[in-house]
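Grab the two chains, each in its own frame, and use the hints to assemble them into the complex.
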Amino acid sequence: MTMHGRSLIRSVRRRDVLAAAAGLAACAMLQPVGALAAGPWQRLDAARDLIGDTVPDTTGIRLDLPLVSEDGSAVSVAVTVDSPMTDDDFVQSIHLFADRNPSPEILAVELTPRAGRAELSTRVRLNESQSVIAIARTSRGRVLATARDIRVTISGCLVRADTYDSPADLDTRVRVTAPARAGEPAEVLTLINHPMETGLRLDEAGDPIPERIIDRFEARLNGEPVLRARYYRSLAANPFLRFHVAPETPGTLALTWTEDTGRIAEAEARIRPG
Amino acid sequence: MALLINRRRALTLLGAAGAGAALASWGGPRVAKAAAPHVVVIGGGFGGATAAKYIKRRNPDIAVTLIEPAERFYTCPFSNLYLGELREFESIGHGYDELRDTYGVTVLHTWADGVDPDAKSVRTRNGEDIAYDKLVLSPGVDMQWGAIEGYDEGAADKAPHAWKAGPQTRLLKSQLEAMEDGGLFILAAPANPYRCPPGPYERVAMVAHYLKTHKPRSKILLLDAKDSFSKQALFIDGWESQYGDMIEWVSLSNDGKVVRVDADTLEVETEFGTRHKADVLNVVPPQKAGFIAERAGVTDESGWVPVKPATFESALVDDIYVVGDATVAAPMPKSGFCANTQAKVVAAAIVATLEGREPPAPSWSNTCYSLIAPGYGISVAGIYHVVDGKIAEVEGSGGVSPREAPDAFRTREARYGAAWYAAISNDTWGTAGK
Ligand SMILES: Cc1cc2nc3c(=O)[nH]c(=O)nc-3n(C[C@H](O)[C@H](O)[C@H](O)COP(=O)(O)OP(=O)(O)OC[C@H]3O[C@@H](n4cnc5c(N)ncnc54)[C@H](O)[C@@H]3O)c2cc1C
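Residue numbers (this note's numbering), protein chains in the order written: chain A, 1 to 274; chain B, 275 to 708.
One chain only, chain B, in its complex shape (with noise of 0.2 angstroms):
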């Protein structure tokens, strides 16, 4: 494969020899461009969508080809508010015109079925084949429909997991509806890793704020197989001041943990044997890299993909380069952000790679925004880079909201949460994310 000069940097090159010259050779690099290389990605959320776009703002030359089922991308981040009815569904979906119009990326609305590593190319649903020079996967998370006995996909129609946004979160939000006061909420809650770690202390608050405001009567159960979580004093603070007792948090170690769901009858069963029985059952079960990952054989037994933390580089597989939640980046932790931070480091190692340069060193950073009220926000932010060969959190750049803090504090957070959504909106897909 021809290296490839980035057209700016080639005509700033020849702008020595001359304005003209460059113009006049121009004809030359044309022909290679024929012979561009082809950079596929597979995935249109987070990690991809932005890997296509900084792909070709870095160098115009490469052909990119995104593959995505979706022609609107709904995001997880601020579907919680969508509960909540702090944002109107359609306020939370992305299209791909930016992407297209702007950048000219190939956007193929279909899904990825098959990766053969050797050959370097892709077999979409449609039967079609895409050769590749370098593979992005940014497919996000699978459910492992079964880890929790009776808790499959048939299983998620009744009992949503809305942990990918879309139908799920629709069909989370009308049984809220349709859910009489006084009735319970139960949400069961994964232990690590998995997408988002505060995602389901966000949910529980901003369904709390639904059921404040339409069914004050109503209670939430929160069945974790964990014993602590992310921001766990701001949270509790939070729930106790702006929901009372509204809110029950049930530790692993106080039998929090779910180990069967019965979706007709809306019962759990914790590994001790409590049972529990729900009006509206939101069961988030763990999970693992998107099928797309497995397939193309960058994953281990874990289910999730390890990667070369300088570049995003699968560990195991030439070529292929994966980002977002699909991948083993501990510290970092499964965020919207850090798969935008991680996709603008694979950006630049491919291109850098494809342009016959060395990648330029990695950090990433990354500030995650809860929601627990109107005008109730809190954060936690990190900034990691690579030690030893391995991710770490560079010390003393992380934090989290002070827990005394006062109201206005915590107005500017919330306000802070929403200029943060329509900025990655933005940076993402070119949308006003508003």
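One chain only, chain A, in its complex shape (with noise of 0.2 angstroms):
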């Protein structure tokens, strides 16, 4: 297994980080789902489940992600909730769905105020136009949820990118920018390749071919509990994740991934607040 990004990159991208909070407002302002608490989770088993017998809060949350996909096999979603991530007050899980495909779940993400910041993105699979949703829960028991809809054409023009396998298999990237002060969150990359068979595709001989994806991924920094995440096979092949940790000290950050056989890959970063 290769490991690439070790290094520590130093340089925080304060500009870029501005201006994609800023992009993001945008989007929120331009795209309110409602106040009300309707909405397509509500038609949606698995959300219902999360979301029980409360009204979700429909702000404070927000979905950022393409208005159209020309190619809806890995779409970059990001969602972001607003909470201090406080011991006493943090978003404690983070549920993106996708209520048209085959399996609606994506991804389950759960936090610990170690992260910082409850900001996610990631890449995703989406087999037709349809809503995205988000569910958050905080350590408060309060429940968020928000979607926006997505056009997804399929154009002869564009091939697919999961009809083509990557050759390498369980290569893992990481990259971690320091944060510039102890306790403030720094941001995590993470990449593993890995073509999350759905089990849903065909061989040439015209049979299916198992599913076989990634379906758990860990992040602990110095031991302790960072993130830990269920993949679902909505999620696109060479699974993403972007998330942030909040170190106090200097300190190491390891990352598992597990296969549904059982395969393991794992790799560290090095994290020194600035």
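FYI, nobody ran anything at the bench for these hints, they're computed from the structure. Ideal Cβ positions, reconstructed from N, Cα and C, are used throughout, including at glycine. Incorrect hints may have been included.
Under 7 angstroms between C-beta atoms, here's a sample of chain B residues computed to sit facing chain A [unchecked claim]:
no. : residue
1   : ASN466
2   : PRO467
3   : ASP501
4   : SER527
5   : PHE546
6   : GLY547
7   : SER576
8   : VAL602
9   : ALA604
10  : PRO607
11  : VAL654
12  : GLY656
13  : GLU667
14  : GLY672
15  : PRO676
Mimicking DMTMM-like on lysine to aspartate or glutamate, the simulated pairs with C-alpha atoms at most 25 angstroms apart in a straight line are [unchecked claim]:
no. : chain 1 : residue 1 : chain 2 : residue 2
16  : B       : LYS664    : A       : ASP99
17  : B       : LYS489    : B       : GLU541
18  : B       : LYS582    : A       : ASP49
19  : B       : LYS664    : B       : ASP592
20  : B       : LYS486    : B       : ASP553
21  : B       : LYS447    : B       : ASP416
22  : B       : LYS486    : B       : GLU669
23  : B       : LYS582    : A       : ASP87
24  : B       : LYS447    : B       : GLU359
25  : B       : LYS493    : B       : GLU541
26  : B       : LYS708    : B       : ASP455
27  : B       : LYS664    : A       : GLU128
28  : B       : LYS664    : B       : GLU575
29  : B       : LYS664    : A       : ASP207
30  : B       : LYS394    : B       : GLU629
So, in structure tokens, the structure goes:
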């Protein structure tokens, strides 16, 4: 297994972060899903199970994704939840769904206050035009939900990425942006080369290719959990996850990916607050 | 605004009553002509020039003004062939003589700086205000400066995008000429959507052709923000058969996405922190609709222009029609061919509306030819129509060249590509395109 990005990248891209945040804010203003708690999550069993009897808050949670995708095989999706991420008030979990995919679950992430910021991005498979749904639960029992529509067009001009397998298998990549100060969140980018076989694809002989996916991912800082994720087959091939970690002291971030066969890939990165 | 009846149609209608009467009565419509509707077209590229011409072809009584800064328009199509030394630069340049002299279009060589949709008028850089009844925008794309850290307008003087044909294309060519044998050419390709999906892949093939001929020890690295691309298998087969291992493609998931550029050192940094140093660096950044679209208020948060599919009228502002790369027309690609057929649909819709008729039901076609080497062409084609109020590809209409094909087939497609260029040049600007 190769390990990229072991070196520490010190420059904090503050301008980028601010620009990205401004972009998210602009999107949120343009696309209010409605102050009412009604939303596509009510039509999705898996989402209803999470929400239970509570009425979800539709403010304080934002989804950022394109309005149109010309190739539904790897659509960038970002979700941000407003939260202080302190020990007594933090986002415990974030869940992503695609309501018209063969299996709507995309990603379920459990967070700890060590993450420092409740913001994730990933790349997802979208079979057709539909709603992407994000649901978050906080340590104080609040439930937040939002959704955004995306149009997926299928064009003969563009091939879908998932028709091509990457020759690299279980190669991992990590990049950590050093935080400016102790306790401030650093950005972590992670990727593992993996086909995320859905079980829905046929081989050349017309037989189904069995499902084989990375189904778990975990990040620990100096042995303490930062984040634990379930990956589903609606996650794009070569699963990508961007999250945050807020280290108080220099430390080691240890990452583990587990395939549903039990195979494991690991990577490490040093973090040193600036 | 008075409804306008096509002069030829008027003559035919009146023909039944007698040609003499028709001619005698022509004084009437002449008066009306003073109040003839005015269509302003911004942009004299594939979409704009075609729209201006086809409005006039359908109804010469409509006054048409085309605003385009360049007196000679250089096409992106076949600009890669110039890089490969298979075309002279002047062979991809086109003027506006036919529009002006044959079709009576008023051509103003200046920029449009603003649009006032309420007053229905366009402000030119000369400070003139031009009133319109219908406005057509075909401004093409602008680069999203700063979307890649360090890549701004100044950086493009050192690391050209060459994604608008002209001085940028010539700069890239001169840099390739100055590069030593054994050098590294890097092209950074953007994520979808962007102008010309197969463009970056044809470009590296044409650069490879140049390098193979003059600097055969050189290498090409294509750093991509995507995991797949248009005509992928055909391109990869073609690159290998024509250029061996000269071209290396690095996909998004193999850390191909460029996030930072240092134009002084020609270094790029990718998403996961890999650095590459080029001898010639060609950065094709993310794009958006040409700036006038945003000023006219027709863009959405994506930076592109949503349109009503049946007419390509803006989904946000009445009486402004938008065609070409600036629009969200997916699954139609951002190609010159599409801009041309969209412009014909817009011309038909505008003329019909001005004549008080329903716009006809549209359909569009597209073929993108790419050249991998002299005598080695490939293509992808599609036909599009409106289904449930959205543009869709007609099922089974599309197709790419077969993967296994005899040399004669590739040679034929290369010839078709050249014939396509001559035909669309003639259709758009009335020029030879040879
Ligand atoms: C390398 C490359 C290769 C390509 N090859 C092909 C190919 O083989 N086949 C194909 O079909 N397509 C090809 N394309 C795509 C093609 O170039 C575009 O799709 C096409 O140019 C789009 O037409 P348009 O009218 O939208 O924009 P353009 O053709 O770019 O025209 C826009 C015009 O508007 C003018 N303009 C902009 N703003 C203003 C303003 N404010 N006021 C006045 N004028 C303004 C500009 O000066 C420009 O002349 C290629 C593109 C590239 C980059």
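* To do: Mind checking the alpha carbons of LYS582 of chain B and ASP87 of chain A for me, to see if they're no more than 25 angstroms apart?
  => violated (50 angstroms)
* **Restraint check for LYS486 of chain B with GLU669 of chain B, where alpha carbons must lie at most 25 angstroms apart** => violated (40 angstroms)
* Hey, LYS447 of chain B versus ASP416 of chain B, does the alpha-carbon distance stay inside 25 angstroms? -> holds (21 angstroms)
* Agreement of LYS582 of chain B and ASP49 of chain A with the hint, judged by alpha carbon distance not exceeding 25 angstroms -> violated (39 angstroms)
* Asked: Can the hint on PRO676 of chain B be confirmed by a CB-to-CB distance to chain A that is less than 7 angstroms?
  -> violated (14 angstroms)
* Restraint check for LYS664 of chain B with ASP592 of chain B, where alpha carbons must lie at most 25 angstroms apart -> holds (19 angstroms)
* Can ASP501 of chain B be said to touch chain A, with a Cβ gap under 7 angstroms? -> holds (4 angstroms)
* For the hint on PRO467 of chain B, does the least C-beta distance to chain A fall short of 7 angstroms? -> holds (6 angstroms)
* To do: Closer than 7 angstroms between Cβ atoms is the bar; does GLY672 of chain B clear it against chain A? Give me holds or violated.
  => With a closest approach of 3 angstroms, the GLY672 of chain B hint holds.
* Interface hint compliance - PHE546 of chain B to chain A, C-beta minimum distance less than 7 angstroms -> holds (4 angstroms)
* Minimum Cβ distance from PRO607 of chain B to chain A below 7 angstroms? -> holds (5 angstroms)
* **Satisfaction of hint between ASP207 of chain A and LYS664 of chain B, Cα-Cα up to 25 angstroms** => violated (34 angstroms)
Comparing the model with each numbered hint stated earlier shows that hints 15, 18, 22, 23, 26 and 29 do not hold.
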